[in-house]
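Q: With the sequences and hints as input, model every part of the structure.
Position 238 (the sequence shown) corresponds to 238 in my numbering; numbering is contiguous.
Keep in mind the hints are simulated off the structure, nothing from the lab.
All the given hints hold, so there is nothing to weed out.
Computed beta-carbon distance windows for the label pairs:
no., residue 1, residue 2, range
1, Asp291, Leu183, 47 to 57 Å
2, Arg168, Glu314, 42 to 52 Å
3, Tyr217, Ala325, 26 to 36 Å
4, Leu183, Gly231, 32 to 42 Å
5, Val173, Thr126, 27 to 37 Å
6, Pro44, Glu83, 21 to 31 Å
7, Val194, Gly231, 22 to 32 Å
8, Ser176, Glu314, 50 to 60 Å
9, Asp291, Thr255, 18 to 28 Å
10, Ser283, Cys143, 10 to 20 Å
11, Thr255, Val173, 39 to 49 Å
12, Arg164, Asp307, 36 to 46 Å
Predicted model, so just to flag it, every value in this text is computed and none were measured.
All C-beta atoms, glycine included, are put in the ideal place defined by N, C-alpha and C.
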Amino acid sequence: MTAPAVLVHVAHAGDHLADSTLEALTLARGLGEPIAVATSPPSPRALDQLATAGIDRVIVAGLDPDRALLAPAVGQVLARAVEHVGGGAGASVLIPASFFGKEVAAHTAHLLGAGLLIDVADVRRTPTGLAGGKRAFAGSWVCDCETTTPLAVVTIRPNAVAARAAERPGTPVLESLAVEVDLPAGLEVIERTVHSGSGRPDLAEATHVVAGGRGTYGDFAPVEELADALGGAVGTTRDCVEEGWISHDLQIGQTGVTIAPRVYIGAGISGAPHHHGGMQASSVVIAVNIDEEAPLVQISDFAVIGDAGSVLSEAAEVIRAHRDAEPPTGI
1 MTAPAVLVHV AHAGDHLADS TLEALTLARG LGEPIAVATS PPSPRALDQL ATAGIDRVIV
61 AGLDPDRALL APAVGQVLAR AVEHVGGGAG ASVLIPASFF GKEVAAHTAH LLGAGLLIDV
121 ADVRRTPTGL AGGKRAFAGS WVCDCETTTP LAVVTIRPNA VAARAAERPG TPVLESLAVE
181 VDLPAGLEVI ERTVHSGSGR PDLAEATHVV AGGRGTYGDF APVEELADAL GGAVGTTRDC
241 VEEGWISHDL QIGQTGVTIA PRVYIGAGIS GAPHHHGGMQ ASSVVIAVNI DEEAPLVQIS
301 DFAVIGDAGS VLSEAAEVIR AHRDAEPPTG I
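A: The structure is reproduced here in structure tokens:
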């Protein structure tokens with residue numbers, strides 16, 4: 001019996017694949033035949049990563065770069081790709097759960113008449129479709145959702161699974177896909193500004209997050225120092241954004257970015273419900289605070305009672321020393 005097709009939307013991070021894409025590919029291998037779908041040709045490095053992930057087929061739509069920024073256009077590409085591979089009952093589309101990815105998923109599911117699962121942390125087959133677990137209502141509910149349609153579209157929460165190499169490397173072959181994109185009237189890219197990055201991973205997808213709160217008194221240097229030592233992202237609270245200490249795109253919370261890192265470090269953060277709702281899916285929570293009664297300290301897996309700036313700087317120094325002392329590995 002032929003394994004059902006599992007299409008994965010390939011998101012790039014420069015010349016390589018985003019970590020969230022590699023995680024989705026790992027899940028896809030357990031659901032059927034994984035097939036990558038890209039809106040532009042992957043770089044040589046990305047192709048090597050696809051091979052390591054066990055991918056043999058890569059569907060490339062060659063979408064105009066501006067149209068690749070529009071969710072309706074990418075949704076049409078994915079829907080057309082499902083038709084291209086002859087996706088019958090059991091076929092599915094996996095998409096990393098960024099803000100853009102969730103919008104793409106909605107358009108794709110609408111065009112295919114497919115069931116839609118959003119922000120799930122695991123995916124499995126059921127007699128009627130696909131099912132997955134997720135948190136809802138600021139993490140207060142843990143839900144199990146299931147599709148009952150022949151086709152399914154799923155967005156995968158970042159860090160839901162550790163990306164793993166396939167037992168058998170693939171041999172990616174590019175397949176061109178012609179797609180006539182029909183955009184809604186008036187929808188077009190008027191202007192695009194590319195901001196220079198910090199070199200840190202995206203907050204929503206980072207495996208390690210160091211967040212600073214009001215207890216930093218606006219000095220985020222120790223927060224950034226530890227984040228860089230860990231190879232992680234910097235986050236913050238609504239109070240710090242409103243004070244103008246740091247940009248809004250780094251705010252964690254119900255009206256900010258929802259994160260699910262493997263390690264979250266909250267420094268000088270009391271742990272208001274608004275912030276708690278945005279980070280409580282973290283696997284390990286570490287609190288650094290002078291107040292041992294702070295709500296974040298009470299829910300943490302590990303707490304350090306002390307001055308946030310001093311603790312973070314000392315931790316960064318120890319981590320760098322440990323890293324520098326490690327013997328080289330690999331070739």
